[in-house]
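Undergrad: Sequence:
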Amino acid sequence: MQKLSIQLLQKVSLCFLLFLLFFSYSIFAQSKVYSEAPVIFENGVKKSTQITVHFKYPIFSAAKGEKEAFMSNSSLLYPNLIKYFKRLEDKYGKIKFNKAIPSAVWGEFETQNKAAGNGIKVKDMSQLLFIKFNQFVPIDSIIAELSTMDEVLYVHQPIQATNLAEPNDTYYQANQWNLTKINASKAWDISKGDGNVNVGIIDPEGNAYKYHSDLQNKVVTNNEIFGSHATECAGVVGASTNNNGVGIASLGWDLKIKSFDDSVDDLVLLIMNAANDSSIKVINLSWCTLGTQQVEDPSCDVITKYHCFSYFNCSYPEIENAINYAVVTMKKVVVAASGNENPNEYLGNAEWCI
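Each residue of the sequence shown is one higher than the one before, counting from 63 in our numbering.
The hints are all genuine.
DSBU-like cross-link-like pairs, simulated, lysine-lysine; straight-line CA separation at most 30 Å:
(1) Lys194 / Lys158
(2) Lys272 / Lys343
(3) Lys148 / Lys129
(4) Lys254 / Lys243
(5) Lys94 / Lys129
(6) Lys248 / Lys343
(7) Lys343 / Lys94
(8) Lys272 / Lys243
(9) Lys109 / Lys153
(10) Lys343 / Lys393
(11) Lys129 / Lys109
(12) Lys158 / Lys185
(13) Lys129 / Lys194
(14) Lys185 / Lys118
(15) Lys158 / Lys126
(16) Lys129 / Lys185
(17) Lys109 / Lys148
(18) Lys393 / Lys248
(19) Lys194 / Lys109
(20) Lys156 / Lys109
(21) Lys126 / Lys194
(22) Lys185 / Lys343
(23) Lys129 / Lys343
(24) Lys126 / Lys156
(25) Lys158 / Lys109
(26) Lys118 / Lys145
(27) Lys393 / Lys254
(28) Lys158 / Lys148
For each label pair, taking beta carbons as the anchor points, the in silico distance ranges come out as:
(29) Met133 / Val357: 36 to 46 Å
(30) Ser372 / Asn279: 41 to 51 Å
(31) Glu286 / Val107: 33 to 43 Å
(32) Gly106 / Arg149: 17 to 27 Å
(33) Gln355 / Glu207: 17 to 27 Å
These are calculated hints, taken from the structure and not from any lab test. Cβ atoms here follow ideal geometry from the backbone N, Cα and C, with glycine treated the same way.
Work out the full structure: start from the sequences and follow the hints.
TA: In structure tokens:
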């Protein structure tokens, strides 16, 4: 019983420390914006080569694991939708329909809650599709038209995201004030992290640099695409500590890191992959999602499109659904940055997310 209480205290301490740390992150700071597909403005019209649509019914089908989807037999029940996509193809050329979650199959709405052991209903992901065009198309008008159709649950532009890398708090660069602020030394008396616990870091920029002197033998990646922001997050979470003055001190000295990156064309799939990874206990999302809008700026360069548009905080239902799936169904702890500005618009505002 005492051992169980200590293990529980260790987990609670880790979650609490991560929450306090990432609460201090702030938005933008002119960070690079990553997008599932390019978004541009031409003559005041927002254009892209892709939109995302979540249908209410099994209109598209594909075998489990297959990415490309096709009109299913049941789609014949929705002739107006078929006619609409035919008109789009006549106007803009061939359209492709790709499943956002290739493993999702219609009808798999009930799954086992890992924590409670009982069956629960989950949101369908088989009808969450990327509609891809072979040229830039006016997405706002297409989104508006699809939004009026009964078959459509929701539709939106490509998801865009930016890292929340730099706190706007004084003396951040000078020292690791955060560890003192949250009484990390007292937590280390209880636990320095469990070497059997993997923290999954999902970052739109790239993987944590596993060859860094403070992260050697600590990080597993799925490719060699590295990013400075993911490396910083990995250092905060689990850099080697008490190692003769090398680098920084981390919260979880003995934790292991698993870094996820797939060139940012499907952030929802990355969250789902981490959720389904049995080796992952905690998932870190230190970024926020954005939308794009045109702005009237006298410095706008119509050739380069520089200063012609701006970004704003924007939430996407499938991101929140993936987070809730990770926590409720797969019993993961999900930690997200809340920022210093209007935390209601960050990932951390999702249900079940710390």
